[in-house]
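**Student:** Residue numbers (my numbering), protein chains in the order written: chain C, 3 to 93; chain G, 89 to 505.
Check the hints yourself; a few may be wrong.
Derived pair list, reagent style SDA-like, types lysine to any residue, alpha-carbon separation capped at 25 Å [what the hints assert, rightly or not]:
hint, chain 1, residue 1, chain 2, residue 2
1, G, Lys152, C, Gly50
2, G, Lys105, G, Met199
3, C, Lys25, G, Arg488
It is worth saying that the hints were derived from the structure and are not from the lab.
For clarity, every value in this text was computed on a predicted model and none was experimentally measured.
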Amino acid sequence: MRIICPFCGERELGEFTYLGDAKPVRPEAGTSEDEVFDYVYLRDNVAGQTSEHWYHGGGCRAWLKVTRNTLTHEISAVEPAAGAGAAKVGA
Amino acid sequence: MKYSIFSLARAALSGHKNWQRTWRDATPKDRYDVVIIGGGGHGLATAWFLASEYGIKNVAVLEKGWIGSGNAGRNTTIIRSNYGLPGNTGFYELSMKLWERMEQDLNYNAMVSQRGVINLYHSDAQRDAYARRGNTMRINGIDAELLDLAAVKKMIPFLNFDNARFPVQGGLLQRRGGTARHDAVVWGYAHAASELGVDIIQNCEVTGFVRDANGKVTGVETSRGKIGAGKVGMAVAGSSSRVAAMAGLRLPIESHVLQAFVSEAIKPLISGVMTFGAGHFYVSQSDKGGLVFGGDIDGYNSYAQRGNMPVMEDVCEGGMALMPMIGRLRLLRQWGGIMDMSMDGSPIIDKTPVDGLYLNAGWCYGGFKATPGSGFVFAHLLARDESHEEAARFRLDRFRTGAMIDEKGQGAQPNLH
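This is chain C alone, in the form it adopts within the complex (with noise of 0.2 Å):
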């Protein structure tokens, strides 16, 4: 598996680091205690395209968010993060 990142260019995948589905979005403080549980230890798990957040912490250290399938391992997107690095790039 190697990763396009939109900042570095082609690099190989021991630069980053997985954090996982990037989909699931931290509660607001205060919510209920089922919607956290949901959010800390539910999973989709999904078999097929999934979009997920890697760290490329081997080069620009910036947050991506990879679309991947996770039966074929194939990328098919990959793009910043929302936030700070996001805006470098117009994304």
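Based on the hints, put chain G in the right spot on chain C.
**Tutor:** Showing chain G alone in chain C's frame:
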């Protein structure tokens, strides 16, 4: 048929042409008392214990591929019961005791070899942690010995003891640990269960659950038609989330890939199982001579049954730190299996919120050693509708209540367990 020296001699005299099938290749009936999804070690062991211990013989095991095609054939064959936390300690020892009598119980040679498992330590802090774990094992009646440097040097003289960064200081040894022949374990359970009347149905993929008006599961839809069931047990580690989703359940589980490796065959070198404590590397030597080893999971969600280069490099670096002499060995084979990584690194054996559906999941990368114990306690749950006392903490709701069993102390981050 019964296997013995006489059956072997008889078969040899007739040119090995008259062996019977190890198990019947069954076709599905309309209905069973218990249907078990997943014909791996755990599913087959469950069926065997249901039939032999709990008297429930109208049982089917449904396997989407063939017996031995999943993780049963993709592990590193290690058996041990050196766990430190309440819940794990007793359960894995139950499993260890069942390993010790498995071959007699099943009338099948599973090559169970109690050649010892040693976890090496490389710092004072790690020694203290291992001493604590060893003491926990001993007060629970499990064998454990804390070895100092001299004792390890005597036992495994060829290690790189003076590694500048990770000098070996000693190890925690469980002599009753060891290895077993993984394929023979599933063949043995399939053989013995089939002899007691269990139907083992291969190439039969579950595609959905049949529910009655109250939502109770009353059967399964499969690629070989509808099969009715009094109870349905899931033992599909690696695919738990996918099967549970068919019943509308979301699980505290992620599927990750774990790689394993075999070197070319060499003369006898490593007598037992060794683990490198300063990284993650474990190794044993098969009876054919190859070094069988592995390390961390790759770290990203995957159902692909293959891994990537960074982890191969990391695992081999661990091996080289411990035994620089293996650098000349060629890697013969490498493969990946899909692990049910739970949120605390421990398994789940429990009823589900769906009536009639029972869950055996979340084995992370420790499922092989648990095979007989898992089958026994899951059979107990299915037969009695209550948890076996040694599995009472493997609850599905422990993530909500906070009663986690986090042996590694990593928190809800499955790729770190």
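**Student:** For the pair supplied as a hint, Lys105 (chain G) and Met199 (chain G), is the alpha-carbon distance within the 25 Å limit?
**Tutor:** Measuring from Cα to Cα gives roughly 24 Å; hence the hint holds.
**Student:** Between Lys25 (chain C) and Arg488 (chain G), does the CA-CA distance stay at or below 25 Å?
**Tutor:** OK: Lys25 (chain C) and Arg488 (chain G) at ~21 Å, within 25 Å.
**Student:** Are Lys152 (chain G) and Gly50 (chain C) close enough, with their CA atoms no more than 25 Å apart?
**Tutor:** Holds, because 19 Å separates the two Cα atoms, which is no more than 25 Å.
Of the numbered hints stated above, none is contradicted by the structure.
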